[in-house]
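Respectively, the protein sequence lines represent chains A and B. The C-terminal residue of the first sequence carries number 114 in the numbering used here, and the numbering is unbroken. The C-terminal residue of the second sequence carries number 228 in the numbering used here, and the numbering is unbroken.
Read the hints as simulated data drawn from the structure, not as lab findings. Take the hints with a grain of salt, since some may be wrong.
Keeping only pairs whose Cα atoms sit at most 25 Å apart, straight-line, the calculated BS3-like set for lysine-lysine is [stated by the list, open to error]:
1. B/215 <-> B/227
2. B/227 <-> A/40
3. B/166 <-> B/191
4. B/191 <-> B/170
5. A/52 <-> A/36
6. B/227 <-> B/182
7. A/22 <-> B/166
8. A/41 <-> A/22
9. A/22 <-> A/36
10. A/41 <-> B/166
11. B/182 <-> B/215
12. B/191 <-> B/227
13. A/40 <-> B/215
14. A/52 <-> A/19
15. A/36 <-> B/227
16. A/52 <-> A/18
17. A/52 <-> B/215
18. A/36 <-> A/19
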Amino acid sequence: ETGVTQTPRHLVMGMTNKKSLKCEQHLGHNAMYWYKQSAKKPLELMFVYNFKEQTENNSVPSRFSPECPNSSHLFLHLHTLQPEDSALYLCASSQGSFYQETQYFGPGTRLLVL
Amino acid sequence: GNSVTQMEGPVTLSEEAFLTINCTYTATGYPSLFWYVQYPGEGLQLLLKATKADDKGSNKGFEATYRKETTSFHLEKGSVQVSDSAVYFCALSAPNTNAGKSTFGDGTTLTVKP
Numbered sequence: 001e002t003g004v005t006q007t008p009r010h011l012v013m014g015m016t017n018k019k020s021l022k023c024e025q026h027l028g029h030n031a032m033y034w035y036k037q038s039a040k041k042p043l044e045l046m047f048v049y050n051f052k053e054q055t056e057n058n059s060v061p062s063r064f065s066p067e068c069p070n071s072s073h074l075f076l077h078l079h080t081l082q083p084e085d086s087a088l089y090l091c092a093s094s095q096g097s098f099y100q101e102t103q104y105f106g107p108g109t110r111l112l113v114l
Numbered sequence: 115g116n117s118v119t120q121m122e123g124p125v126t127l128s129e130e131a132f133l134t135i136n137c138t139y140t141a142t143g144y145p146s147l148f149w150y151v152q153y154p155g156e157g158l159q160l161l162l163k164a165t166k167a168d169d170k171g172s173n174k175g176f177e178a179t180y181r182k183e184t185t186s187f188h189l190e191k192g193s194v195q196v197s198d199s200a201v202y203f204c205a206l207s208a209p210n211t212n213a214g215k216s217t218f219g220d221g222t223t224l225t226v227k228p
């Protein structure tokens, strides 16, 4: 499934840098999500957007700032990150936010914070 | 709260062996149950799902049956191939939550050797 794309695929940044992750879905979905996947830890939901409106912020530190300009695009702006923020960041989308919906994931951005 | 417990890995099998990955859950009401698979370097993709008790999800030779009485959704395949090597995630999504609030298991890494 290549309906959800993410760029960049790999990112190395220093703790003082500012960078952004981009996600685009080509499936006509209305809900989009950011997840963090760290080694040895369960998948962590970070943010949920439904029809461009943020409906969930799972106690994510303010150094992560999401933006959803339209239903097809989702950004994650990063600033002053910590080394423990190094992880795979996955974007996902679903047709709606109903609990029976299937989520479609992008390939992820592998982030390393030095 | 909701929870998903997966069989711990890693699991190593020879090609054509029978696969079972156990998954049990705790949830109120009647959740939807999912198996997602993550191939190396990729995001998660839906393998199969079941939305009500006694439903059987199936795809690519994999099967799982929603067992309400044992709160289980075990993944099975009769004859695995090298190409099935991946990480498998069991997940649930409960009524009155949105799709993004799915609860994921920790993942089980499967390696199939020729």
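Evaluated hints:
1. Restraint check for residue 215 of chain B and residue 227 of chain B: the C-alpha separation of about 35 Å exceeds 25 Å, so the hint is violated.
2. Between residue 227 of chain B and residue 40 of chain A the CA atoms are separated by roughly 23 Å; this keeps the pair inside 25 Å, and the hint holds.
3. Of the supplied pair hints, the one linking residue 166 of chain B and residue 191 of chain B holds, its CA atoms being roughly 21 Å apart against a limit of 25 Å.
4. Taking the CA atoms of residue 191 of chain B and residue 170 of chain B, the gap is near 13 Å; set against the 25 Å cutoff, the hint holds.
5. Restraint check for residue 52 of chain A and residue 36 of chain A: satisfied, since their Cα atoms lie roughly 20 Å apart, inside the 25 Å limit.
6. A C-alpha spacing of about 34 Å is found between residue 227 of chain B and residue 182 of chain B, which places the hinted pair above 25 Å, so the restraint is violated.
7. Note on residue 22 of chain A and residue 166 of chain B: the hinted pairing is violated, with a Cα-Cα distance of about 35 Å set against a maximum of 25 Å.
8. With a C-alpha separation of about 23 Å, the suggested pair residue 41 of chain A and residue 22 of chain A falls inside the 25 Å cut-off, and the hint holds.
9. Restraint check: the Cα-Cα separation between residue 22 of chain A and residue 36 of chain A comes to about 14 Å, which is no more than 25 Å; the hinted pair holds.
10. At most 25 Å may separate the alpha-carbon atoms for a hinted pair to count; residue 41 of chain A and residue 166 of chain B exceed this at roughly 28 Å.
11. Only pairs whose Cα atoms come within 25 Å are accepted, and residue 182 of chain B paired with residue 215 of chain B is accepted, the gap being roughly 21 Å.
12. A C-alpha spacing of about 15 Å is found between residue 191 of chain B and residue 227 of chain B, which places the hinted pair at or below 25 Å, so the restraint holds.
13. With a C-alpha separation of about 20 Å, the suggested pair residue 40 of chain A and residue 215 of chain B falls inside the 25 Å cut-off, and the hint holds.
14. For the given pair, residue 52 of chain A sits about 21 Å from residue 19 of chain A by alpha-carbon distance, which is consistent with the 25 Å threshold.
15. The suggested pairing of residue 36 of chain A with residue 227 of chain B is violated, with an alpha-carbon distance near 30 Å, which exceeds 25 Å.
16. A C-alpha spacing of about 23 Å is found between residue 52 of chain A and residue 18 of chain A, which places the hinted pair at or below 25 Å, so the restraint holds.
17. Between residue 52 of chain A and residue 215 of chain B the alpha-carbon distance is near 17 Å, which keeps this suggested pair within the 25 Å criterion.
18. The hinted pair formed by residue 36 of chain A and residue 19 of chain A meets the criterion: a straight-line CA distance of about 16 Å does not exceed 25 Å.
Hint violations for this structure: numbers 1, 6, 7, 10, 15, all remaining hints satisfied.
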